[in-house]
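Given chain A, put chains B and C in place with the hints provided.
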Amino acid sequence: MTDDPILSVSGLEKTFGGITALDGVDLTVDQGITGLIGPNGAGKTTFFNCITGYLAPDGGTVEFQGDDVTGNRTPSIVREGLVRTFQIPRELENMTVRENLLLAPGGQSGEKLGRAWLRGGQFAEDERRSRREAAEMAAFFELDHLLDEPAGSLSGGQRKLLELARVLLTEPEMVLLDEPLAGVNPTLERKILERIHELESQGQTFLFVEHDIELIMEHCDHVVVMHQGQKLTEGPPSAVRSDQRVIDAYLGEEI
Amino acid sequence: MALADFAVSLLTFVAIYGLFALGLNLKFGFTGLIDFGHVAYFMIGGYVTAVLTMPAQVTGYDGLGGYALPELLAVVPGGDVLGWLLGVAGGMVAAALVSLLVGVPTLRLREDYLAITALGIATILNEVVRNETWLFNGPFGIRTVHQPASAAFPLGLGSFILNLVVFGGLSVLVIAYAGYRVGSYVKDVDTTGAALGLASVLVLGGSIGALTQGGPLLFVGVGLAVAGVAVLREAVRRSIEPERTLALVVALAAAAWYFLQPLLAASNPTVTLQTNVMFLFDPVAGPNGGLDYDRFFMLLSLAFLAGGYWWCQRTINSPYGRVLRAVRDDEDVPRALGKETFRYKIQALLFGSALAGAAGSLYTIHLGFISPDQFGAMITFFAFASVIIGGTANNAGVVLGTAVFWAINSGTQFLNDYFPSEYAVKLAAARLIFIGVLLIVILYYRPEGILGEQDYDIRLPGDEPAPSRDDTAAAPGGDADD
Amino acid sequence: MVDTGLLDALAQGLVTGSIIAAGAIGLSLVYSIAEVPNFAHGDMITIGAYFALVVNRPDEISLLPGLPGGAVSLVVAGAFALVAAAAFGALYELAIFRRFRSKEADLITMVIVSLGLALVLRNLVLFVAGSRNISYETAVVRDVNWDLYLTGSGLTVQRTQRQAGDIALLGEWGYPVWLLLGILAAAAAVGYGVYRWRSTDADFRTVHLVSPRVLGVLGGVATLLALAYALRFDPQGTDALWSTRIGTSYKDIAIVVVVAVAMFLLNLVLKATRLGKGMRATADNMDLAEVRGVDVDRIQLVVWVIAGLLTALAGVLAGWSASNVNPNMGFTLLLPVFAAVILGGIRSPYGAAAGAILIGISMDVGVYLLPSGLATYRTAIAFIVLIGVLLVKPDGLWGDV
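Sequences listed follow chains A, B and C, in order. Just so we're aligned, residue 1 is where the first sequence starts under my numbering, counting upward by one. Just so we're aligned, residue 1 is where the second sequence starts under my numbering, counting upward by one. Just so we're aligned, residue 1 is where the third sequence starts under my numbering, counting upward by one.
Keep in mind the hints are simulated off the structure, nothing from the lab. Treat each hint with caution, since some may be false.
Unchecked claim - Have a look at the derived ranges for each label pair, beta carbon to beta carbon:
hint, chain 1, residue 1, chain 2, residue 2, range
1, C, Tyr229, B, Leu100, 51 to 61 Å
2, A, Ala182, B, Glu127, 30 to 40 Å
3, B, Glu127, A, Glu136, 53 to 63 Å
To be verified - Not the full set, but computed from the structure, chain B residues with beta-carbon under 10 Å of chain C:
hint, residue
4, Leu109
5, Leu119
6, Phe434
Stated by the list, open to error - Some, not all, of what chain B presents toward chain A, calculated at C-beta under 7 Å:
hint, residue
7, Val75
8, Arg237
9, Ala306
10, Ser318
11, Tyr320
12, Arg322
13, Val323
14, Asp329
15, Asp330
16, Val333
17, Gly338
18, Lys339
Virtual Cβ for every residue (Gly too), placed ideally from N, Cα, C.
Chain A with its partners taken away, still in its complex shape (with noise of 0.2 Å):
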């Protein structure tokens, strides 16, 4: 939790035809598992959409390890290394559990049409370093057995798992992560939970969306409450807990 923040957002905005979504949020991410919690509207998901780039942001600034990135195009905001995962797990139930993994590697030079047809240089080095990458990444989350599978066969647990390894082998700086735990069974919860923990340790930044407040208040090192497109507060999340504006929020519902 030293030097510059890894994330820093300011004043962002966003409106959906006279409906404010959100409402100048300002936020900064440091190293380490940063929780984001808020009643269902709050613009958790628009929030995400916007800081990478599936959303235009109607105002504010996204500055990613000292980089604008405002308003600019996913897939380079990813190569940046800021990605995220989906709500709803979205693989391609066509190609195998390693071809989906496959695709996550940047810098491929096999993906280019010049080296596919002409095959030199570092074609078949790349192409060997993404499979041991794939192979390995796959071990890690216990998914080597199914690699020849289609990952349309998958379980949504399995789905979960495949996700975050493929978003993972693009190396990022900070992995955004959507729910990765709704609907997923205790064990497999677990077992998520202690990956994200091994990557933490290895110095991975994580921001987590959760229903859970309970996880999110065991897992993480920090705590954001949004409330109706703003930021209500933030802190350690024994300080979060003990709120009254964040009580007030979830007014009703067990904190």
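Using the frame of chain A, we list chains B and C on its own:
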């Protein structure tokens, strides 16, 4: 026209349209772009190549050119062919450039909007070629198409016997090999299915006959059609492997048509059978017999098809091809992984269009004459039918599908002999009705086509080739090619 | 001597646009409710035109058994075409599209399926009727020209007609300047008044049977025509500052009126019946509609029947308007029809109708404005308009937010 000439012409057609369909498959099958304007690039390739290679002053031609590349290069050995190849390259580049102009605005649209705008643009381009006489001579077209290396034909190797042995022997070997492949594939067929399949073909044939007569026989025809379809369904239901039954029926029909029909119908059976069996050898071409230009051109077209196939396979079996398929399945996923998907779509469009352009170059030579009428939207739709029948996203399947399509559409033209000539239009319409129905039936019962999506294997130098399931699937491809 | 000008092109464009609208409304229903980008729509139009031909010119179609009563008039033939095309519409849904929908076929598959259907329909026409150009057996309709002369003292109107090579004067009258301005002012006032009257008492929940804007325009036009007819004065001379000719025929007027009536009836179905509510709900979200108890299968059947009716209407009107029925006619209409639907934003039949009028007018006005050598690019104009709009607004002019 002897049957062998007809078969040669058909095979040339299949090679040309196969190349055309491979280009479409790259766009549609692998990248998911519904390019309903694919024929435009076929047209551009044909016209540009024709103009680049034809002589400078041609009476009755008021368009651009000709630029006479083969004549310019005649000083170099092989300059005639080299000039033509440059012309083909020019056609491919022109097709690719036009598709770039079309693609940049339209590829950002929804997939169904792309289909209709591409169809519209192709129709407009066709109108332009038709109306602007200064461009490519408008509706009068081009009649002076350069034929590469035509001076060398008919090609003889020396004595009559040598020609007979070499060209004739080669033909027999090809037929024997094809027969062997088909035979080994169909020998496991189950008899019930095969019998029912053959029966349904006969009943359906009778139905077409009755339908073309019109009047009260219309009802008989419809009745027979219903009965035929019923038998066919039964055949498919009872067959353990319907594709083997299908291969057997097709092979029997082709063999009967090619080897038996001349014995029954021709005035000089042995000579006709000889030309059919030794289809590469023409005894009356040149002083000692030899290989005539049509045969050569068939081989040239097949070589282009093989080259295009190899090139497509190389493109698809690569990390590049992997991204293309990802774009097809869900464009957001590769975008979320940092891939510039728009660039991939543009490149696939350019490459597919260039292949269509090459096919167009060959097409002009095969017909010896081009005009805007030959490049209607139907050509695109035929290619879509071919791709879907054979197997979307399967390069071998696309060639098979093209063969099936043209076998139905042109190969059955010999049936015309059995009907009065005024029924030609009706028969042509009946074939396309059949193809339309076939298209819908295949999409419903077997949306992946005859062969289904191909397997992928990115082979790296020094690696053992991965065992492929494709080996078994390739067999029906072998028989339909002949 | 007067020449045709922009007003004539506009009038012609309105007729063209009406025929396109008949196709486009049906296509937009199929597109938004059945979720089929129907490339067979053009050939459905062709088939509709041929249905009328079967009973109107039975002698021309030798393959079918002759009619016991002989040929019938075009009106009866048109009615027959509507019934037959409606039955075919139901057939497409029951035999093809319902099956694919139950397999949850994606958009691309639906495109290709409709392509296959297009191939079948077009060749069915070729099989049964051959490729010749045939025209309907109807009374000869001669164009009536409305020649307008704007002089220093007012407007002169001459009704003329070409008869045996000469121009015959059928009638002549005029309006002084003050009257002309008066009539225009009255028309504008009535139009605006109607618009205000219909929109003031409305809050945002009111569903108008006909939108105030359309009613306002109709009111204005009706006033203009009524006053112009009632207050005919003496001619104001033909020494014109500006003159123009508008060629029309009762055919043109009939086409516009028939399509307008069809649109109104469809509007009635969509807005005032339970069925229409179900259709709109299905268009918004098929699954949700099904959950809410809408019988989606029935809705889809109705949609295809309506689409069939409208294609027959478009086909018969197009064939009558051009005095020519051929197997290619629907395909040449397909592109403008699609352009109109996409321009209107797919989701709404009203947008499609507006898009159709816009496309029709831009085609005919475009041909008028372009040099005569470019007149063959009539369809191209429709497309250039479409692509231009899509580049600016990728969802069409009245598309989803």
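So, going through the hints one by one against the coordinates:
Taken as a hint, the range 51 to 61 Å holds for the pair Tyr229/C and Leu100/B, whose Cβ atoms sit roughly 57 Å apart. Taken as a hint, the range 30 to 40 Å is violated for the pair Ala182/A and Glu127/B, whose Cβ atoms sit roughly 55 Å apart. Taking 53 to 63 Å as the suggested C-beta distance range, the pair Glu127/B and Glu136/A conforms, at roughly 57 Å. Evaluation of the Leu109/B hint against chain C yields a held restraint, the C-beta minimum of about 6 Å falling below 10 Å.
Using the Cβ-Cβ criterion of 10 Å, the hint placing Leu119/B at the interface with chain C is satisfied: the shortest such distance is roughly 7 Å. Taking 10 Å as the C-beta cut-off, the interface hint given for Phe434/B holds, the closest approach to chain C being about 9 Å. Because the closest C-beta pair between Val75/B and chain A is about 32 Å apart, greater than 7 Å, the hint is violated. Annotation: interface hint on Arg237/B violated; nearest CB of chain A at approximately 28 Å, more than 7 Å.
Hint on Ala306/B is violated. Least Cβ distance to chain A is approximately 16 Å, over the 7 Å limit. The interface hint given for Ser318/B holds, since its Cβ lies 4 Å from the closest Cβ of chain A, which is under the 7 Å cut-off. Residue-level restraint check for Tyr320/B holds (minimum Cβ-Cβ distance to chain A is 4 Å; threshold 7 Å). Interface restraint check: Arg322/B against chain A, minimum CB-CB distance 6 Å, threshold 7 Å, status holds.
Nearest Cβ of chain A to the Cβ of Val323/B: about 6 Å, under the 7 Å cut. The hint holds. Given the 7 Å rule on beta carbons, the hint for Asp329/B holds: about 4 Å separates it from the nearest Cβ of chain A. Hint status for Asp330/B relative to chain A: holds, with the closest Cβ pair at about 6 Å, below 7 Å. The beta carbon of Val333/B is positioned within 7 Å of a beta carbon in chain A (closest approach about 5 Å), and the interface hint is therefore held.
The criterion of a C-beta within 7 Å of any C-beta in chain A is met by Gly338/B, whose closest approach is roughly 4 Å, and the hint holds. Using the Cβ-Cβ criterion of 7 Å, the hint placing Lys339/B at the interface with chain A is satisfied: the shortest such distance is roughly 6 Å.
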